Amino acid sequence: MPEPKHILIVDDEPSIREILCGALEMSGYRVSQAESPAAAKRIVAEGLPDLIITDLQLEYSDGLELISEIKVQHPNVPTLLLTGVWFDEKAIEERILKRVSSYIVKTAPLKTVLAEIGRLLAT
Amino acid sequence: MSSPRPKVPSDRIFRRVLAFFLLVFAVLGLVVTMALRNLGRAQAASEWVNHTHAVRAEAADILSSLNAAEAALRTFLVTDDPRDQADYRVAFSDLAEHVDVAKALTRSAPDQYQQITQLEDLVAKRADLAREIIRVRQKGSPAELQSLLASDAGGVAVHEIARRVERFRAEQADLLNERDRISFLQAHTTRWTVLAGLVLDLLLLAGAAWLIRDDLRARQQAGDALREANEQLEARVQARTAELTAANQSLKAGALEDRWARQALEHQLRYNQLIIDSIAELAIVVTRMLNVSRINPAVERLTGWEAADMVDRPLGNFVELVAGPGAADPLARALKDGHDLQHQPATIADKSGRRHPLELSFFPLRDGNKVVGGVVTLRTRPPVV
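Line by line, the protein sequences give chains A and B.
Here the first sequence is numbered in numbering that gives the first Met the number 0, starting from 0 and rising by one per residue.
Here the second sequence is numbered in numbering that gives the first Met the number 0, starting from 0 and rising by one per residue.
Be a bit skeptical, because a hint or two may be false.
[Unchecked claim] Keeping only pairs whose Cα atoms sit at most 25 Å apart, straight-line, the calculated DSS-like set for lysine-lysine is:
1. B:Lys-251 to A:Lys-110
2. B:Lys-102 to B:Lys-124
3. A:Lys-4 to B:Lys-102
4. A:Lys-4 to A:Lys-40
5. B:Lys-138 to B:Lys-102
6. A:Lys-70 to A:Lys-97
The set of hints was computed from the structure by calculation and includes no laboratory data.
All values derive from a computational prediction rather than experimental measurement.
When you get a sec, could you build the whole thing from the sequences and use the hints?
Here you go:
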């Protein structure tokens, strides 16, 4: 039986982490949670996850900065920006997707989020 | 859907097998009983045969003792030797003893006993005659002796005794032959009884074996049917469990989806509220009737009014556009026409009644192609250069 894929969720809201963690574990993934960029970097140092999902608005930093810092050492790690901020389409194309593998707003259905996660892990 | 119930062998087979074994034991018991009875008969017959041979031997001994006594008597008559007299006496004594033994042996058989007693009488008479002859011989009376011997000329009495003894022995021999025939028939009957019982028991055991085999086959079939039913049941349980698990997973996923949607909506509302609350411009949301429905904190900070003071009150109670007298209300027209206003001079009254000059902008709120209200924003008017 293959080792389950490891996903790191970075979000300062416990309810978001709890719901997403439950859904991902039901789908067979191994999930780690971090409420802050510092905690996320500690988890990455212990073992690089197969996917990093991060919110944008975080305490002491933001998700894009966190991803930039992690990609210094791990440039190929897949990343997903999951945020409540609605970006302009052009901004997404020209700015956001140059820094993360994918972007989804939190108002998207959970199954859409899970499908996107599955797509990112399959590639 | 219910699976066919497997056929369970009934106790009827057990009862039948039990009946077969009871019959087997009954036949065995009958054979053993008959065999024991015939053994007893054979033993009794053997004793009878031995007894009959003993009687015949005693009868033969009577005859030989009689002949010996007669010989000893005649020898004594010729020799007058006391030793021959002793032999004669011993012979007659043996003769009496054999007669007594024969009587004892035939005491339980009245016919034979009667023949022996008759024989005893004849022997006694012969002994009396012999004693008389001896007495006359010892007396030395030849004429009398000759007369006595002449009366016994030819040994008629001895011949009679011998004839009776032989007849007695012949009858005993006939009885022995009859007993042999009966014993043979008994042995024959015993042999056939044992053989018939053995064959019957073998048949009964074969029947019981057939029933047991049939019962085992029925139990095997019932076991197979039960195992098949269990396998089907287990498969259905597994399928049902899988369905329930899938349904449960679906329910959990649905519940998570609902929680996710609520969380996202609440997060989005809170995020937007934070953005609105953080801007420095005054924002007032009005209905289609130009009544206030919402204000941001900047309005409260500037005017001292709280939301409860302004909501559901006409916007005109607080905000006035600076327009020429007699001019139509531009806000009402913009609301009606669905266009916006930009940088219109206006004033807002604070809680103390003081009016603050501001620059007003208006943006209609649309729900599809309908105008359902508007957003009025007010900012400090830039100083005139």
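So, going through the hints one by one against the coordinates:
1. B:Lys-251 to A:Lys-110: 12 Å, holds
2. B:Lys-102 to B:Lys-124: The hint holds at about 17 Å.
3. A:Lys-4 to B:Lys-102: 123 Å, violated
4. A:Lys-4 to A:Lys-40: The hint holds at about 18 Å.
5. B:Lys-138 to B:Lys-102: 35 Å, violated
6. A:Lys-70 to A:Lys-97: 12 Å, holds
Hints 3 and 5 from the list above are not met by this structure, while the remaining hints are.
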